Amino acid sequence: DLGHSSELAFVVEPSDDIAVQEQPLILYCQVEGIQPITITWRKNGVMILDSENAFMLANGSLYVSRFQRVRGDGSSDEGEYDCMAQNHYGLVVSRKAKIQAATMSDFHIHPQNAVVEEGGVARFQCQIHGLPEPVILWHKNSMPVNTDNERYTLLPKGVLQITGLRAEDSGIFHCVATNIANVKFSREARLTVSGSHSTVYKDPMILVGPENLTLTVHQTAVLECIATGNPRPIVSWSRLDGRPIGVEGIQVLGTGNLMISDLTVQHSGIYVCAANKPGTRVRRTAQGSLVVQAPAEFVQHPQSISRPVGTTAIFTCVAQGEPPPQITWLRNGQILETSDHIKLKNNNSTLSIYGINQADEAIYQCLAENSAGSTQASARLTVLWADGLPSPPQGVRAETVSATTIQVSWEKPLQNTKEIIGYVLHIRKAADPIEMEYQEAVSKSTFQQLVTDLEPSTSYSFYIKAYTSRGASKASEVTVVSTLGEVPAMPSLFIKVINSTTVQATWEPSIKLGQHKGFKLYYRKVHLSQYTGPVLLASNVTAYNITHLDASVVYEVKLLAYNQHGDGNSTVRFVSLRETVERTVLNPPCDCMKDEQNNKTSTTGIIIGIHIGVTCIIFCILFLMFGYRGRLLMCKNVQEQLSTPQIPRSQRSTTGLVLNGATCRDRDDRGLNGKQLDMNELERLFPASPSQEQQEKGITSAHSPSTPHDETQISTLPLDEFSIIEEQPDPLRKNPCGSSPAAPAPDHGPANEG
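The sequence shown lines up with residues 2 to 755 when you count with this note's numbering.
Source of the hints: derived by calculation from the structure; they are not laboratory data. Keep in mind the model is a prediction, meaning the values are calculated, not measured. Heads up, some of the hints might be wrong.
As the list claims (entries may be wrong) - Listed below are the simulated BS3-like cross-link pairs for lysine-lysine, each with C-alpha atoms no more than 25 Å apart in a straight line:
| hint | residue 1 | residue 2 |
| --- | --- | --- |
| 1 | K559 | K497 |
| 2 | K430 | K344 |
| 3 | K521 | K559 |
| 4 | K430 | K497 |
As the list claims (entries may be wrong) - Quick list of the computed label-pair ranges, beta carbon to beta carbon:
| hint | residue 1 | residue 2 | range |
| --- | --- | --- | --- |
| 5 | D341 | A539 | 49 to 59 Å |
| 6 | P309 | P245 | 49 to 59 Å |
| 7 | N417 | N570 | 46 to 56 Å |
| 8 | G614 | N570 | 27 to 37 Å |
| 9 | V482 | I336 | 47 to 57 Å |
| 10 | D341 | T401 | 18 to 28 Å |
Think of the CB as a built atom: it goes at the ideal place given N, C-alpha and C, for glycine as much as any other residue.
All chains should be modelled from the sequences, with the hints used to inform the complete structure.
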């Protein structure tokens, strides 16, 4: 009784049945609940009145004295029957019971004569339709076939299979069909077994494969598969989707027929019969589909509930079945129609009743139905109403304050106001369903409420309820008012200079603008008061080019959005084209294609440049270090070298030496060819031993020979005050610059280097 209303519920409901012509029929219906309870019956939705042929028994069941498929007036006792039960709490309707007449047609398939060689397979079939499904038995030579013989297989659909034929299997066969309506015999067929067992090879072949079947849960399915071949093929079964068939309830009939007992929905699928030649991969296949239906049944029943006036009642009814059932709701036996305060959701599984009142008190039923069957469950809604509750609030008014604000005011109820603890304001967009309503609580001493955060140009409905500790009053009258319209917000504006006479104004569409019809664009020279425009642009436009401008002045550009309520605030930008003209003169346009190609190698160029730069820095540091070392050593030995014979400057060789890496030529004749000193030449030119320096070089100074020299004084002398003179020719030594030895120089006094 889970989920049933305790005030009124079915204990027994009518069930589907097959009636026999001219025989009595009883349909059962038993109800429990608070008396008095009235039970009535309907057939195909029409009330059944008591008559000599059909009347209701004392326990509420319906008795049909002589069931007739077709009566003399053309009517029929076949149809869908349901019973209704009613008391002062409400009315409930039972599930529909489908009543059909028992029938049997003539055979539409009769067994056929067959001649089969010994060891082969024989198959006979007969088919006949009837309600209930006829039971078919086989006779051989007018005697029932011995079903204990394992070579004989009888299938439920009227098929007889005989394997491993022998001579004694020859005979005359016919089938007998029986149900509660009739018994019928098929025509006879002769089986002849010829010759002896053949040893000639034959490929496997499936004589008959499985048929497509649609059955209901708990029934039995037989999938036929009969194969021939020599040697005798091996028959196996599988599912096309690769899932295992399982073993529970599975049985093989004869040599290859698959029987599945106690069907479930999981047995649905496509089954494949395969006939394999033993020891090889030679095979033949056939397939058939099995559809298992399940009548509707409830997973969750609706529960009876009690709710105060003005609140929300929710019933949930979840059903399952195969195919998925359809759910219908009834209110006191009548199909429930939805409205503003009655809503169905989740494929009718959820019934919501908003703002309930006493008229909503009833018994609600959930009917679940599919092609395999139907079921129902009921629940009652009790609306709580306490005496002495306040009457509805009076004089509800709503006034528009702005585009997003409305002020609602009201007066206290006329009756029972002492126990009021507060008011609740119910707010909803007029176009929204009632389930989108929301509430705001107000203290009992407040008779107005400012409702904010509303949408512009939108209609809203309002009503008030007064609350006490025992419940709420009825709702006040509903008032509807609209918010004011709102002009659009300021658009974002960006200015881009295209060339010396053209700029492009761009902006972004935004929901912050609100509803707008379009944009207005103005522009002017800043020293003028008159604007050019407006340029009217559609709401989907986001850019506009302003052309034929004067490059020598500054322009003001203004953009605003507008709608039916007026113009919004504008966004202003200033732009000058003068800098663009100057940049164009100083920096002519680039070859963009060339730049793009150059950019592709920029990374490689940077890396190579870094390597070259680092290498140069290293060489410069080394060169400066050795050059400074040479200068210092020369200055230390100036005094010792002053006595060395010097060559006048005018008589020196045009091929000279230059300190710190210059070519070996005189500074006054830089056009002559010379070789650059490498590191080895510098080491030979400035040896580390002072004695070697005295023997190999002479240094002249502009100072007196007797003038003392220290390191500090010498290090401050400019480079041009030093010179390097060539020594006397040395046959064992080459010239440092690689030239021919110089001629002996006459003995001169010290030379002053200016």
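Hint by hint, here is what the structure shows:
| no. | hint | verdict |
| --- | --- | --- |
| 1 | K559 <-> K497 | holds, 14 Å |
| 2 | K430 <-> K344 | holds, 17 Å |
| 3 | K521 <-> K559 | holds, 8 Å |
| 4 | K430 <-> K497 | violated, 44 Å |
| 5 | D341 <-> A539: 49 to 59 Å | violated, 38 Å |
| 6 | P309 <-> P245: 49 to 59 Å | holds, 56 Å |
| 7 | N417 <-> N570: 46 to 56 Å | holds, 53 Å |
| 8 | G614 <-> N570: 27 to 37 Å | violated, 56 Å |
| 9 | V482 <-> I336: 47 to 57 Å | violated, 36 Å |
| 10 | D341 <-> T401: 18 to 28 Å | holds, 24 Å |
Comparing the model with each earlier hint shows violations of hints 4, 5, 8 and 9; every other hint is respected.
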